[in-house]
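K.L.:
Chains as they are written, first to last, in our numbering: chain A, 1 to 589; chain B, 590 to 834.
Treat the hints with care, since some could be wrong.
What the hints assert, rightly or not - From the structure, some residues in chain B lie toward chain A, with a derived Cβ separation under 8 Å:
(1) 638
(2) 642
(3) 644
(4) 659
(5) 684
(6) 777
(7) 781
(8) 807
(9) 816
Calculated directly from the structure, the hints in this document are not laboratory data.
Positions of the beta carbon are idealized from the N, C-alpha and C atoms, including for glycine.
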Amino acid sequence: MTRRLPKKDVAIIGLGWTGSIMALELAKAGLDVVAIERGPWRDTASDFSITTAPDELRYAIRKEMFLRPKQETLTMRNKLDQTALPIRQFGSFLPPNGVGGGGMHWNGQTWRFLPDDFRIRSHTIERYGAAFLPENNFIQDWPMSYAELEPFYDRFEKVLGVSGQAGNLRGQIQPGGNPLEGERSDHYPTPPMKQGYSQSLFTKAATDMGLHPFPRPSANLSEGYTNPYGVRMAPCTYCGFCEWFGCANYSKSSPQTCVLPALMRYSNFECRTDSEVTKVNLSADGKRATGVTFVDSERTEWEQPADIVLICAFSFFNVRLMLLSGIGKPYDPASGEGVVGRNYAYQVGAGAVGHFGPGFNFNPFAGAGSLGAALDNFNSDNFDHGPHGFVGGASITNAYTNGRPISYHPVPPGTPGWGAKWKRAVHETYNSTTNVGAQGSVMSYRDSYLDLDPTYKDPLGRPLLRMTFDYHPNEQKMANFMMQRSGEIVRAMGAKQVSTNALRVPYTVVPYQTTHNTGGAVIGDDPKTSALNRYGQSWDVPNVFVTGASSFPQNAGYNPTGTVGALCYWTLDAIKSQYLKSETPLVQL
Amino acid sequence: MENPTRRQLLATTAAIGTAALAGTPTQARVISGALPWSPNESYPPTLVRPGPWQFFTAEEAAVVEAIADRLIPADELGAGGKDAGCAVFIDRQLMGPYGSNEWLYMEPPFVPDAAANFGIQSPVAPARRYRDGLAALAAHTRQAFSGRLFHQLDAEDQDRVLTGLEKGDIKIPDGKAFFNQVQSNVVEGYFADPIYGGNKDMCGWKLVGFPGVRYDYRDVIDNPNKPYTLPPVSLMGRSTKAAAR
Chain A
1 MTRRLPKKDV AIIGLGWTGS IMALELAKAG LDVVAIERGP WRDTASDFSI
51 TTAPDELRYA IRKEMFLRPK QETLTMRNKL DQTALPIRQF GSFLPPNGVG
101 GGGMHWNGQT WRFLPDDFRI RSHTIERYGA AFLPENNFIQ DWPMSYAELE
151 PFYDRFEKVL GVSGQAGNLR GQIQPGGNPL EGERSDHYPT PPMKQGYSQS
201 LFTKAATDMG LHPFPRPSAN LSEGYTNPYG VRMAPCTYCG FCEWFGCANY
251 SKSSPQTCVL PALMRYSNFE CRTDSEVTKV NLSADGKRAT GVTFVDSERT
301 EWEQPADIVL ICAFSFFNVR LMLLSGIGKP YDPASGEGVV GRNYAYQVGA
351 GAVGHFGPGF NFNPFAGAGS LGAALDNFNS DNFDHGPHGF VGGASITNAY
401 TNGRPISYHP VPPGTPGWGA KWKRAVHETY NSTTNVGAQG SVMSYRDSYL
451 DLDPTYKDPL GRPLLRMTFD YHPNEQKMAN FMMQRSGEIV RAMGAKQVST
501 NALRVPYTVV PYQTTHNTGG AVIGDDPKTS ALNRYGQSWD VPNVFVTGAS
551 SFPQNAGYNP TGTVGALCYW TLDAIKSQYL KSETPLVQL
Chain B
590 MENPTRRQLL ATTAAIGTAA LAGTPTQARV ISGALPWSPN ESYPPTLVRP
640 GPWQFFTAEE AAVVEAIADR LIPADELGAG GKDAGCAVFI DRQLMGPYGS
690 NEWLYMEPPF VPDAAANFGI QSPVAPARRY RDGLAALAAH TRQAFSGRLF
740 HQLDAEDQDR VLTGLEKGDI KIPDGKAFFN QVQSNVVEGY FADPIYGGNK
790 DMCGWKLVGF PGVRYDYRDV IDNPNKPYTL PPVSLMGRST KAAAR
């Protein structure tokens, strides 16, 4: 028996970055808001206490705070003619669970995409011709320009207190910053983090090579900061427990440190935890959401009526919920028609490891999730792609996020896998190894998509999401190019021995690569090729808005959260300034 | 109290006999009006105490200790896998959710011979992997080494057996998977916080120079390329002897 709750103005699915920002701003506007979160409530003092947080086994290896596959997972296949198998243990990516979402366990690298990324299709055709685009690509321009999104990037960075050095301030190139970035309207809210010894070698080597290194933008704060919501943060201590951990130090920007203390002051907001939304309910004609159905930890089913439904879960689960609810036409790779599940993309990872030998103390444990120097000379279209034959690019970085030894105990190539020689190599190499890594874009293709699996089900008997994905020749070419550039830089830094990290092909669900899973419910100007209009509003059900990286038409050579946050404020602005007045589709065809 | 802490809820759950796990609250709550707060709310891990084997038989434990000592031999750089407590670590891990794959997706159909890029596709959980692997290894060494078990072999023969398992030359069922399982768990035990029973006296951290959970390295950033000289600290503090009390 389903119990029916009193109607709310707004029902939000998932209380991570975008859900908490939406909740705060709409509660502030006077609306009655409920957020329904399938994981537990978590906060700094109780859950990430300094006496329990720095525990590699518990959080990074056993993955205590992540979504457990038993609760929900996906199936994966590389190609259309394969049978997908369930991801029984998360490896390649780690979806979040609980209040704070991915914003609780992330590293904090807070990038803006480059202006060319937003019109990559038009730009590539203009510069290289249409024949340069890869076979079977679904590359799409974004439905807004960088300039249109810039004020919202700025707002998100100020809420997080991002530490960085502007490189292009209102058109003026600034020393020490990224000269290739899009024009910024303001400085970063806090100065860049101090860089470590390895970054000083990287910066010198790259500069000597004619490249343009800079400290990467960081949501591990360089100094104390009070954000526009009145929440105070503390300076980062480089403890090396960022990614996959909660921050015990109030130094890593997260919903917990930046939004929830302000949000919880609004009595017109409530959060329901350990309650999983199973469906967005639609009116009989399917054109209006009437609210959501959720199941709590006792398996009691509830109906929560609402005027507006905001789908703010992790990217995969936004797409799955739309498919299960019948919002938008599911994508069919045979016909190329349909939009929900279309344009799934991921990230390219490749790089080089430098072994420096005696006399080097990189002290990798003195790290932070966003500590690092980066360069954009090989990102987006900042270089001539003509001779290389691929579309897209990568940010190249020298970083120490951590030196946690279960996962990080590098050995030089040729070392045995165990025994006395292995032990000696681990002893000698830990402190004298550094790496240069590339994080590259992934384009969208006709055969990279998400749909519902025909075989495997979740504990409630609903089909799991199925991913069909592999790296195409375009991405493989790009990864090889970036691996070579990374090797050149680490050699110039003084490495005595260099080993390379190539892109793993076919795509594999192990080991960890990145949790930058994008697409599946993309924004666009054409309802034939996008599930959402330019404001993140469903074309089919206009009182449903969807946030998150699921809305990226393809992925760029950066971490997604900066753009996820900017799009959230962009959507929020459209809801507040337009939708609440008209309650109609914000884009009329 | 309107909002009992998760710990109190866990206590309730445990009292009615359901397997409750530290730090895994699952009770739905409605939170409104203020950040939830309860005094002393915290979710520490369970401290592993020395004592009788919980999962292994004495014979199994002797074999696992011997394997750990060949994977990470004792030498002038520090303790070997046995004295580091790797077998104690593994014994306790196998009794928890890890040993039974409790948090993983374990619904059929299984396709155990799937390509490696599909990850784990076998229904065999770590506890079962150890039980079956150790039994098969015992049968193999008894047959190949005139009735002896692995821990009764000399170091050269032990290394030969391990290499045979690793390369798949010794044909016991899932021998390679068993080797990989033990190797990854021994490394975990050698480097995990000593609170879990391995990494005795922080030997693993001393081997590489990891200072543990000191939590503030601003001085390291300010002094580039200098050796770090302070001894490591674990979640229990400086000395792991506290665990024995």
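K.L.:
Look at each hint and say if it fits the structure.
P.N.:
Here's how the hints hold up against the structure:
no.: 1; hint: 638; in the structure: violated, 17 Å
no.: 2; hint: 642; in the structure: violated, 20 Å
no.: 3; hint: 644; in the structure: violated, 17 Å
no.: 4; hint: 659; in the structure: holds, 7 Å
no.: 5; hint: 684; in the structure: violated, 14 Å
no.: 6; hint: 777; in the structure: holds, 5 Å
no.: 7; hint: 781; in the structure: holds, 4 Å
no.: 8; hint: 807; in the structure: holds, 6 Å
no.: 9; hint: 816; in the structure: holds, 5 Å
When each numbered hint is compared with the structure, violations occur for hints 1, 2, 3, 5.
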